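Each protein sequence line maps, in turn, to chains A and B.
By the count of this note's numbering, the first sequence reaches residue 2153 at its end, each step adding exactly one.
By the count of this note's numbering, the second sequence reaches residue 123 at its end, each step adding exactly one.
Because the hints were derived from the structure by calculation, they are not lab data.
A quick note: this is a predicted structure, and the numbers were derived from the prediction, not measured.
Using N, Cα and C, we set each Cβ at its ideal position, and we do this for glycine too.
Some but not every residue of chain B turned toward chain A, in silico, with C-beta under 7 Å:
1. 74
2. 78
3. 81
4. 82
5. 85
6. 94
7. 95
8. 98
Straight-line C-alpha distance at most 30 Å; calculated DSS-like pairs for lysine-lysine:
9. A:1829 to A:2029
10. A:2146 to A:1972
11. A:1827 to A:2143
12. A:1864 to A:1958
13. A:1864 to A:1995
14. A:1370 to A:1487
15. A:1864 to A:1915
16. A:2022 to A:1995
17. A:1459 to B:87
18. A:1421 to B:87
19. A:1469 to B:87
20. A:1864 to A:1972
21. B:87 to A:1470
22. B:87 to A:1515
23. A:1386 to A:1487
Cβ-Cβ distance ranges computed for the label pairs, FRET-style:
24. A:1540 to B:77: 19 to 27 Å
25. A:1691 to B:88: 41 to 49 Å
26. A:1584 to B:97: 45 to 53 Å
27. A:1579 to B:74: 28 to 36 Å
28. B:61 to A:1774: 43 to 51 Å
29. B:74 to A:2116: 21 to 29 Å
What follows is each chain in one-letter form.
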Amino acid sequence: MEETKTLQETTCFHCGELCPDKPLTLEDKKFCCEGCRTVYDILNKSGMCDYYDLNERPGQTQKKSNTVRYEFLDDEETSKKFITFRDADQIHVTFYIPAMHCSSCIWLLENLNRLHPKVFRSRVNFIKKELSIVFSSEIALSDIAKLLDRVGYPPHLSLNSLEEKTDERQYFNKSYFYKLGIAFFSFGNIMLLSFPDYFGIDSLTESPYRNLFGYLNFLLAIPVMFYSASEFFVSAWKGVIHKTLNMDFPIALGILIMFVRSSYDIFSGTGSGYMDTLASLVFLMLVGRALQNMTYGRLSFDRDYKSYFPVSVTLLEQGQEKNIPATQVKVGSRLLIRNNELIPGDAILFKGDAHIDYSFVTGESTPVDKTLGEIIFAGGKQIGNAIEVEVIKEVSQSYLTRLWNEDTFEKDKTEKDKLTSLSNRVSRWFTLIILIIASGAALYWLRTDSARALHAFTSVLIITCPCALALSTPFTLGNAMRILGKMKFYLKNTIVIEKLAQTDVVLFDKTGTITRSGAARLKFEGEELSDYDLQLIRSASGNSAHPLSRIIHDNIPSSISKIEWDTYEEISGKGIIAKKLTDEIKLGSEEWICGKKRNHDGLRTMEVHYAINGQYKGYFRIRSEYRDDLKHVIQDLQLKHQVKLVSGDNDGEKQQLLPLFGKEENMLFHQSPFEKLELVKQLQDEHKTVLMIGDGLNDAGALAKSNVGISVSENINNFSPACDAILDSESFSELPRFIRFSKAAVNVILMSFGLSFIYNLVGLWFAVQGNLSPLVAAILMPISSISVIIFTTIGVGIASRKIFKPNYKTSS
Amino acid sequence: MSALFIMIGASLIIAIGFLAAFLWAVRKGQYEDDYSPAVRILFDSELTSSKESKKESTNTTDDK
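If we strip away everything but chain A, and leave its shape as in the complex, we get (with noise of 0.2 Å):
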């Protein structure tokens, strides 16, 4: 009892937060921030607290809350994208409110005529976090929106989120219910009709029974062949229209041959056909991929809505600079957007020369240069002089999300990995051997019996559809990714998957990926360095976001003032060139700035050296601290991967780093980002699969070029849309793991395709003899569709526990 007291006392009422030493209070009740204590005295003035009695501690924590100007709803324009239906006395609207979470969320949001007068009802949607209001049109939307704002429920308000909403919500399409309704209803009705042929009962299935059941299950079939399944021909002409055969080519020729063949078999009289296989089917597949659209629903609100990304920015708050995560971002936050980092939300510059490389958002490279007060979008890539400016509009993690997952420069590599990815590999070969061996059994046939070769043909056809294989794929990679997500190992799609299984080569960047970025130690080397020194290094360091500029410029107190630079160049793989008036100063690599190298003696470091007017200075000699555990990842990956370094700085810490690597010849120092381009080209053309892991900045081009392009982020704005994972510097240790899970991964797939194929081998053999009965094919089909989706669900939850529960701590 002492102890939830004490609880009591020190967390916050409305949200459950923890109190500052002194938390404010009112009547009795104890709050974080300022914002909590305003939503409880408003719904205690109105009588409301009910709120805190359905669940304990209900409320979001106000500290982050901020001064969103909703006065832009009542735009005529604007609000028509909210706004459902109005006539002279009342209005509809739609909101989306992410912060929505529990029952008294529920609670407050349908009492909100409680709390004003003029709302005439709320209605909540839960799933889909929406809340419809109806209210006078005597007062304007932005005081819905306000109301909502001052009870802690603040709407989210980016002008897509409309149509943003029908492609994220696919999985609760009304359509895929109907779809699986009719093909339900359909397949149970027909099993029903088929029972006497299964257990042959004669009375029963000899006419005219016989006929009625027939055409009573062709009349069933039909809904099921022309809606149910249409999303099966239509994925397969699609294909077939691209020259390509997808996973659903086979599928819809086999229900097609199905249909077709059952309909000759019923009004001939000849047989009863193999409705009630093709109903189950296309039931059992529907059900498929409605779970797959579920869980890859789940994964994008994942992504969109929990800070998915590691991504930070630098704030600037009274001259301060300040890491937050881009999420926390409000309109008029003023940020600092350094050499080659991405603009995360719609900004006016307020400082500086931008050059705006929009490449990630429009696949267009050339710098757009912008003078102070014009606009720049979200995704633009800041190139040059480090740059201020103020958000104007709230930085949407989903439009990053949308940026990574569909850059236009990178759909050339996408596309021809879908056409390479092993279902579609397995599939084209797959429906050649299909009909390869359907046209051997009819031709062995069709010298003694011709009817039986068509038979013998079609049967082949209906029996391999490979709905198990179709299945398998989604539903594996979809788990894994979901599996990794959650250990901070996030990937772009489900490609990413079996290329990292396919790994040969792992190439790493030094500086930022293996090094920490935040703990180093520096150390100056030559003449003394003045306070003007100090503040010219410190203004060029602090308009880069190089690892070593970082390191340097968290290393000089910040009393020095920064100084406003006339011009400012980076050059990647050498250094900073920066003039002010007349002084020109060179911060870089000593074979640029002395224009040869020193006679070295034993120990190295990294050293970073200074210029200033021509003049040499000295260097800054920075030992970094390499992340923990890295031994036992290079190792590790050592075992069955060719491990390489490429780094762009010097070779200073060669002989620290020749241990881990082993050879000389697998670290390559010096390396400008276009080599590095070129050594992984070099590497894919002897055919290998290159795995680059970098620090997204430096080696945005490399991470493209290879098959995997693995972004460590740490607490810096590194995110490169051109990547395809990003990996929480937390979790680094853990990447041998995460490409040994992938392997076995993708090892559940091929076990999976294994197993539908000695369903198929089994069927096969009737189906060449040409008396394939319709009981064998009703039993076999959803069998080995079920069987596989189970195997594949329990093998990944086998290969995940067995892969990731020891921890190398323990294990070492």
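Place chain B on chain A using the hints.
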């Protein structure tokens, strides 16, 4: 045996009835939100109960 014709017809009609009911339910949006109705039904009774006594009971629980 001709009764079977009628029986089958009847069974199909019943089945179609259920299918129609299902399609109607989907169309009316009954499958869109399967969470809030379950919660909502509990609210109504709370709301009609007197606010005052409710409030007092909150205070007493919080005081201890």
